[in-house]
Amino acid sequence: MRHPKTTALLAAGLALCVGVCVASRLSAKHMSIERTPEGDATVFRDSVVVTDGDTRINANLARMYEGKGIALISGAVTITNPDAQIWADSARYNLSDKTAELFGNVRVRQESLDIRAPKLLYRSTQKSVLADSGLELENVDRSFRLTGRRGTYDLKDDVGVVDSSPVLTWRRDRDSAQVTSRQMFWYEKGARAFAHGDVRLKSGSTELECDTIDFFSGPDSGQALGNPRVRDSVSRASGDTMTFRVRNGALERVTIRSRATGEYRTEGGDSIVVAGGTIDLRVAGGAIDQVEVTALSSGQLIRTGKGKSEDRLQDQELP
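Numbered by mature numbering (1 follows the signal peptide of the UniProt record, and there is no 0), the letters in the sequence shown go through residues -23 to -1, 1 to 296 in order.
Because the hints were derived from the structure by calculation, they are not lab data.
It should be emphasised that the depicted structure is a prediction, and the values quoted were computed from it without experimental measurement.
Careful: at least some of the hints might be erroneous.
As the list claims (entries may be wrong) - Here are the simulated lysine-lysine pairs, DSS-like style, with alpha carbons at most 30 Å apart: (1) Lys104 to Lys166; (2) Lys6 to Lys45; (3) Lys75 to Lys104; (4) Lys104 to Lys133; (5) Lys6 to Lys75; (6) Lys75 to Lys133; (7) Lys75 to Lys45; (8) Lys96 to Lys133; (9) Lys166 to Lys179; (10) Lys104 to Lys45; (11) Lys45 to Lys96; (12) Lys75 to Lys96; (13) Lys6 to Lys96; (14) Lys179 to Lys75; (15) Lys166 to Lys133; (16) Lys75 to Lys166.
Using the sequences provided together with the hints, build the complete structure.
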């Protein structure tokens, strides 16, 4: 319903927008005044543009509540700035603190990364986004995906933090490597993931557990620190430090250094227990396929069949 003093109120509404936003500007092809349960709203329709510093918001419709300093924006909402481009079905924009709550099919695109969530809080001043549910980070070639229930992403420094149920997955096949932890960081500039707290890397039947993992996606390799240990259905090994390599999305190799120990069960059911300077594990089909020991310090073959015995090993390559 049009207010009897439409022209005067429209002018007042525009003046208030400039006053609240300071450097912000709002324009559209059509403007009107509507009475709503929330109060009088200045309504902007068709080619709506909100400019706030280096941030620009485009949409089909915006309802501005002058008294509250809030604009409800809907219809193909797009936010662009030098750091990212953002899409959403609708947004609630706070004109004073320059934050936008984004709803419905929210997607943030950087040069090589997509961020998705059912809803996001975009903070224009801090150049960051925050999600409290269903957060997903994925590189544009879809080779990995980081998900979690809650997290933030700094658009200026290209650093993401997922601090609730983070899961990093190399997207390939059923043997794809997957990392879970209590908290996970993603550094886009270095293509680096850092997982901390109850870390578990799983690929097929092989599992690596430790306190922290530092992974670089360029060489597809990483380091496991803090009581690292690895196992599958027939093998287990541990040591002071572990490095690992991922190939085609699956764990391919684990190298254990310093006080390395391992136990390996042969196809015949016998057990081989070894200790050495380095233990190298090759993984194929999601299971440990080959074990090599360098600088063997001790080794035993424990026979479990008839005539049980313990034999000292001298070979450095295990069957």
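Checking each numbered hint in turn, tell me which of them this model violates, lowest number first.
14
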